[in-house]
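Each chain is listed here by its residues.
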Amino acid sequence: MTESFISKSIKRNEDPRLLTGKSTFIDDINLPGMLHVAIKRSDYAHGRILSLDTSEAKKLPGVVAVYTAEDLGDYWHPGPLQVPPPTAIKGSVFYARPLECIAKDKVRYSGEPVAVVVAESRYIAEDALDYIYLDVEMLDYVGDLEKALEPGSALVHEDLESNLAADVVQEAGSWDKAVAEADHVIKKRLVVNRVAGAAIENRGIVAQWDDNMKILNCWATTQGPIPMRNSIAKYLGLLENQIRMMNPAIGGGFGPKIMSSQIDDVIVPWIAIKLGQPIKWFEDRRENFLGTTSERDQVHYSEIAVKNDGTVLGVKDVFYHNTGAYNPYGMTVPLNTQTHTVSNYNIPNFFTEIKMVFTNQMVVTPVRGAGRPQGVFVMERLMDAAAKRLGISPVEIRRKNVLQPEAFPFHTGIIGQDFVEGILDSGNYPAALEKTLEAIEYDKFKNEIQPKLRADGKHSGIGVILFTEGTAVGPYEGAKVMVGVSGKVNVVCAYSNQGQGHYTTFAQVAASQLGVKVTDVNVVIGDSGQWQWGVGAFASRGMTLVGTAIHQASVKVREKALNLASKLLNAPVEELELNDGVVRIADIPEQFISLGDLAMKANPTRGTVEEGMEPGLEAASYYGPPHGATGFGCLGMILDVDAETAMPKIARLVITDDCGTPVNPMIVDGQIHGGLQMGIGEAFFENLVYDEYGQMVTASFMDYLFPQASDMPDKFEVKHMVTPSPLNPLGIKGVGEAGAIGVPACYMQALEDALYEHDLDIRESSINPSKLFHYVKNAKSA
Amino acid sequence: MKIEGEHLFNGPRQDVWDMIQDPVVLASAVPGMDKLDKTSETEYYGKMNIRIGPVSGAFDGKLTMQNPVPPESTTLLVEGKGAPGFVKGAGNAVFVEQEDGKTMLKYDADLSIGGTLASVGQRMIDSVAKSMMRTAFETLDRALEARLAAKSVGKATEEVVYEKASEGDYVKAVAKDAVGGFTSSAEGKLILYIVPLLAVIIVASILLSRCSG
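Protein chains in written order, with the working numbering: chain V, 1 to 782; chain H, 1 to 213.
These aren't lab readings, by the way, just hints derived from the structure by calculation. It is possible that some hints are incorrect.
[What the hints assert, rightly or not] The following label-pair restraints were derived from C-beta to C-beta distances:
#1 H:K38 <-> V:Q708: 29 to 37 Å
#2 H:P70 <-> V:D711: 53 to 61 Å
#3 V:M647 <-> H:A150: 56 to 64 Å
#4 V:K777 <-> H:V24: 48 to 56 Å
#5 V:L705 <-> H:E79: 43 to 51 Å
#6 V:Q708 <-> H:A150: 53 to 61 Å
#7 V:K59 <-> H:E79: 46 to 54 Å
#8 H:E79 <-> V:F773: 32 to 40 Å
[What the hints assert, rightly or not] Reference excerpt, derived from the structure (chain V facing chain H, CB under 10 Å, subset only):
#9 S42
#10 D43
#11 G111
#12 Y133
#13 V697
#14 E717
#15 M721
#16 V722
[Unchecked claim] Among chain V residues calculated to face chain H with C-beta under 8 Å, some are:
#17 Y44
#18 K106
#19 E137
#20 M138
#21 L290
#22 A439
#23 F685
#24 N687
#25 D691
#26 Q695
#27 M696
#28 S700
Computed from a predicted structure; not experimentally measured. Think of the CB as a built atom: it goes at the ideal place given N, C-alpha and C, for glycine as much as any other residue.
Isolated chain V (complex conformation) (with noise of 0.2 Å):
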């Protein structure tokens, strides 16, 4: 047998590098002659140029050139959609208005893009900023997604009626029978806010145009390589491999890195070209907070129908998405949104309906959790107020609603972001539960912890809910793996990798088929000089789509290396076996050969093949899933709440997850670990703000706050279940999103809790000390 090294917490080969400072980001690649860029954004969130002066800036010592939209020509135009829309959904409307990568006639968010300097060096084309001179008509800001729809409304677009960007309606069984069934209606007005990426490196390009050789080379913190070098070759008209896009090492992604035709990609090798010098730009954090992309902010109209005896009938959610001034990435995010709202219960009535606005925002793409942390958090907040209206406990509501184990695999008759019906594959909701009930140990804290914490005055509280994690959709991705004559092995992929650790767990897939050490496989991602198929990094699906991609093309390298060596050995495959990097017969150890002689072999130099032969120990594989894996979990939390101060403390934070098989364990405790940093930031912490003028005030870490070490739990209690995926040979799940999802619906269950004597209906996915007291202050009981 060869040695399996999946589901090992091996330590990560991309470490050392890493940790030595040895690994080339961005902003490391200097070339010579380079010049480089600085982007002139924006101050005005809404209005008409009148005038854009770049005359004094041209004049500034070391400036090579200033380009607005007019000195592009004909190479200015919008777009294209980065994702499509869903045609699959009938009714739905969407009024697509793609990126313009700089703007023209009109600016229509504070942080545009309106001109770009070149020059020798960055602080002179920062200095040079300030000697352009941009006049705008104001207009009036659409800001409030609400009022945005009202007649009357500024136009974000003019040639459309309204701000509307898209309506999508589904519904599963029958809202209004649902409504004639039921007991009892709540209704919410429930808010999502606004989150951002926030990677500690921010976005950059560096395009060098070879005049010889006539290739673009481009290196870029991309997380979809192949789509933007596509994107690129479109504007320029070049071929696809005319341009090199490589990934240098990229220090976070978060999401926001997916997007192309953004300015960058369009006009640096645009440039690079023109000037025949080498381009960098690297992009600052104020321009990271104003003018890339960000996420969540949805306002939602939801209500739940329900029995007396706590049964749920039906579900409706009717919400208002910003999509910011544009709509390039399609409706990804909302229609997450409406496929993990109602996922983790037997709801047979589910009605929703997305309203996206355009706003004098921001772009809206997604950040990780992508739409999905909405959807929960609505639910969570809907069977909150349920339990409370029929007197019982939130975890008893959970209990009789959640989907059974034998409903799977479950239609939910939801189409989702990967434009096909949602199906839930696999999963164990009500064993997650269970489990994370246990180990928060909820009824002893009910029970006997908490009573004696409120007689001494003290205020504690204790959230439980579910969540599931759609992951891995399509369309596809694949992989080449070889075997080279030194024995070692090869593995390329367009993927993209912000730290995922792919360095180390597609090595371990590779490693599991072809009998070598796991350091012993060198992963390439995201050079398309290598390899020039695939979509990119997003919906936790590298490991899924990916991995598979590998792991086949893994067995056919790895049939090839035992079909050859039976030859060259004289034994039948069946006695082969495959381990140390070498193939032996099994019976006869002495008898072998190693893997880097069958792949000097397999690529003969004299003589002749039999006819269909391929050479070398390679393969390429693809890996396309009918619909996404859907993993799932559990997430509990036990908060300290200082009445005086209104800050609370996560005394508890227990996360049940399920994401089939974890490839590395270790891996995919990090993944978490990343994951709730990031809900607990939305939930207390994060909060990306525009005032009433469409001006972000909070483009700085001075006032976007990151939580810091000290504010999280003292450890992280994950736990784990592992129900393989049926859709893939390694029963593979996503993982990336999962601790980002719950924690906002999770916070304020337990902060409710803790403040029991308040009677508070927390309606916001994100808290502070002060509105806190504003929810204490305004209580019924205060």
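Following the hints, put chain H in place on chain V, whose structure we already have.
Okay, now just chain H, sitting in the frame of chain V:
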């Protein structure tokens, strides 16, 4: 941003009105204000140079008078922009005679603020605006006292000597009003400078309106 407040001048309304028609006095009350020019009957142009870190650059301001009623009230429109961003809005000022011969100024303004001023400075704007107002009014109080003293002995009010506002006083005032502790970071120190710039403009805009009366 909305600001409002009032200030009691220790002198008769007409003298206050006359004083604030003097651009030299006004400029002296606004630290960093280099000059004020009257470009038409109802328009003023002011220029300030700010040289503080990444928000360095010239800030140009245009003020347009609306409906001045000397010496009682006026409305004005303000529009300023430069490297640190822009300010646009409207303000009102009313001078009310008091029974004891003093004059109460009541002011309010609604300003749209954009760029670095808003995205980096927002958090401190309110408290710093207050500091700025105080510094400016202290200067005007001294100017008014000197002018009234000169007037009582028959001297020309234009040549009186009083202590003018300096950027140093102003930064000190801001530091005093600012929340403790935040000055320790480099960015915090930066804020000390950015936000006052805004306050300068607000004060200037209100006071400049007097000039046309």
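Under 8 Å, Cβ to Cβ, is where V:M696 needs to be relative to chain H, so tell me if that hint holds or is violated. holds, 5 Å
Given the range 56 to 64 Å, decide if the beta-carbon distance of V:M647 to H:A150 lies inside it. holds, 58 Å
Given hint V:E717 near chain H, where the shortest CB pair must fall under 10 Å: Result: violated, 35 Å to nearest chain H Cβ.
Can you tell me whether the CB distance of H:E79 to V:F773 sits inside 32 to 40 Å? holds, 38 Å
Hint says 46 to 54 Å; check whether the CB-CB distance for V:K59 and H:E79 agrees. With a Cβ separation near 26 Å, V:K59 and H:E79 fall outside 46 to 54 Å, so the hint is violated.
Is the hint on V:D43 kept, meaning its closest Cβ partner in chain H is under 10 Å away? holds, 4 Å
Taking the closest Cβ pair, is V:Y44 under 8 Å from chain H? holds, 6 Å
Double-check V:D691 for me: the hint is only fine if its C-beta lies closer than 8 Å to a C-beta in chain H. holds, 7 Å
Quick check on the hint: V:G111 CB to chain H CB, less than 10 Å? holds, 8 Å
For the restraint on V:S700, tell me whether the closest CB of chain H is nearer than 8 Å. With Cβ-Cβ at 6 Å, under 8 Å, it holds.
With chain H as the partner, please determine if V:M721 meets the hint condition of a C-beta pair closer than 10 Å. violated, 45 Å
Satisfaction of the V:S42 interface hint, Cβ to chain H closer than 10 Å: OK, holds: V:S42 within 10 Å of chain H, min 9 Å.
Violated hints for the displayed structure, listed by number in ascending order: 1, 5, 7, 14, 15, 16, 18, 19, 22, 23 and 24.
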